[in-house]
Amino acid sequence: MGRLRNLEPMQILGLLGALFFLTAPYALPLVVPGFWVNITAEIMIWALFAASVNLLFGYTGLLSFGQALYFGMGAYGVALSIEFFHFSFWPAALTGIAVATLSAFVTGIFAARLTWHYFAIITVVFSLIFFFFAVGWKDVTGGDDGMPFTMPPVLKVGGLELSLLDLTFQYYFILAVVGACFGMMHLLLKSPLGYAFIAVRENTARAGLVGYNAYMVRLLSFVFSGFFAGVSGVLFALFSRYASAHFLFWTVSGEGVVWAVVGGAGTLFGPVLGTAFLIVIREELSAYWEHYLLVVGVIVILFVTYAPQGIMGLLRKAIARYARPAAGDGRGARP
Amino acid sequence: MKKTSRRSFMKMVLAGGVLGQGLNLTLARDLFAKPTGAPIVIGHQCDLTGGISSWGYWLDKAAKAACDHLNANNGIAGRPVEYVVEDTETNPPTGARKFRSLVQRSKADFVIGSVHSGVNLATVPIAKELKTIYIPQGMANEMTGAKGNRYTFRVGSDTYSQAAAGAAWALKNLGKKWSFIFADYGWGWSHFKEHEAVLKGLGGAKINAPIAVPLDAKDLLPYLAKVEKDTEQLYSIFFGSQSVAYYTQSKSLGMDKRMNRYSVLCTHESISPKEMAGASEGIFLLEYHPRMLKYKDTPHNKKVRELMKVDPVDGREDGSNRILASSHYWATWESVFFIQKAIEKSGWKAKKDTPEFIKALEGMQVKESFEHPQGNKVMRAKDHKAVIDFYMSRIENGEIHVKHNIPAADVESRFPPQFDFTKESF
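First to last, the sequence lines map onto chains A and B.
If you use this note's numbering, the first sequence corresponds to residues 1 to 335, in order.
If you use this note's numbering, the second sequence corresponds to residues 1001 to 1426, in order.
The set of hints was computed from the structure by calculation and includes no laboratory data.
Be a bit skeptical, because a hint or two may be false.
To be verified - Pairs of lysine-lysine residues, derived as DSS-like cross-links and limited to a Cα-Cα distance of at most 25 Å, are as follows:
1) K1131/B to K1177/B
2) K1274/B to K1206/B
3) K1294/B to K1341/B
4) K156/A to K1341/B
5) K1128/B to K156/A
6) K1172/B to K1064/B
Said to hold, decoys possible - Listed next, with one range per pair, are the computed distances between beta-carbon atoms:
7) V106/A to E1399/B: 53 to 63 Å
8) L162/A to D1420/B: 26 to 36 Å
9) D1230/B to V295/A: 54 to 64 Å
10) Y322/A to A1072/B: 56 to 66 Å
The model shown is predicted, which means the values in this text are computed figures rather than measured ones.
Yeah, the Cβ is synthetic: ideal placement off N, Cα and C, and Gly gets one too.
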């Protein structure tokens, strides 16, 4: 209890968030339809995707509108491995991640040379090239109709079979993978490489003067970002039992940017908040009004104009305002 | 024998009158009984916004009208029908999510699907997982073919049946030398491949290399220039602005004079030929239900069109500029009544009875009626596809005139089942 009392307000919020995600399959159906457990799983996947955008934009200062390419590569990597090559679960999932990461490396060689609007343009162009390629190559990709596939079991030992068809297992599988990815991202950002990302974002010339190769730093950020986008694509294909050329379209990248910005770019968990907030709004409004995107658009404009630090920034401000008078009451004061 | 007195006669008349009135009231009560009990929820995963929303409007209107009709007539098996619609945004991931929402949040017992094949294919595996009947309206053969399952049924047509219906007549009447030009995506390639297979089976056709046009192409002239000079009929598949560009540019090149232009009505759905400034004049279109009432002027069809509030020639809605999605709207209307019939035949009470429902729907035959205005049809047990009538039509003077009826029996001879879902377990 003593430890809990010493926690910072943001840490308490983080614990509450973790508690929510850990208990959602059992706690949520007590208050809302079970459908929301699936939506929570989807939020985790898209939050990882938004975090991949955030790694580039929030930490390295590169605004990409082409993250959908690596998301789609991950999705197709797993779908084609299962459907055409009859891979089992793990080889298929690893193939999806490998394909996404490799394509991020190849495209990154060219994209990482550029910054600002040139970088944004080249990432969109790469994404569109592969989108049209996927749409046209119907025999392999299913084109815009997409490609459903039969889900192989995650684990089969004797009579024991674990499959994502079991929705509770699926939820915890997604939670474990997304949690591991956020853990990796945290370690990455706290490593010298993570500080190099920030250095390049803040001032490329100075970063160069202290010995960083800005191009290599941007390329590494791009590849890591593609890796995380690829993992989210693999998860989404497994969750949907389907891959489609639509996954590669630039609007998917745009959503990732919006979620990251609304949540708070440059913060680890900001994209989770932004994704959760906008997906919950989408789910509630779209059931009643098909033009709900107008509301989403207004929310984004308001955030960009009045709260550019996103939800995370608003939370920090609110906590600072609340914590200041609390600090003055003498409790916790140190000599 | 006891003689009937005037008094006893009056008593009998009075008693008979009271009894008759009572019976009359009882019958009337049954006739107009309000459905009671837990509602049967029919969900509709509908494309209300996005690329196919001009069709989605009609598919929603027809399904809703069918549910309203049922509720005004004792519901289904005495239970009320609740109709719930959710918008797919004409987008596969959104459509799949909306299917889950309909089933898990709105507790839909049955779901009528989108008209977008991508949405359908994203949904088909989930339908099986959630053990929910799914009736997609899209045209891809796969969802009641290679990617189908026992929970998926098709009331309308698909690229396979369309090729089987139209190719034989077109080969005989429009020419033996075929060229195909289409948008470079799933729908276009499906039409090419299905026609290629049917034409090879029929024999006698020369098929030129297909011309696939990139989706973002605005100017079709470079692609139209690739059409072989010996072409006798040019089969096209485009959607939206590309469809308009194709009609306009092929006409301006004089291709309509040199060859027959042929397509399916989908490329002209919810569009009046009068609004095309003559660009689509003379084109042959395979219809799945005539746009003009006079070609299917049955009391049933007339009554359903009255519910849609459209004129008999162009299918234009009263008080708006919307044109009836004539080849598609009927399928959602009929889907509701297929659901009703299968519920009543199987004795379905709740989701656990769905296997019995499936068995009842497999092989179900329906007669042309108010519930099934498109015509007699059978829901084939093996591949879950309804075998329907088609119409070969031509645009003349800004109207779509039927030139030849293609009855279901004729179609079926070139449209054998390719899969047998009856062997699949529940």
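Report the numbers of all earlier hints that the structure fails to satisfy, in ascending order.
Of the numbered hints given earlier, those the structure breaks are 1, 2, 3, 4 and 6, listed in rising order.
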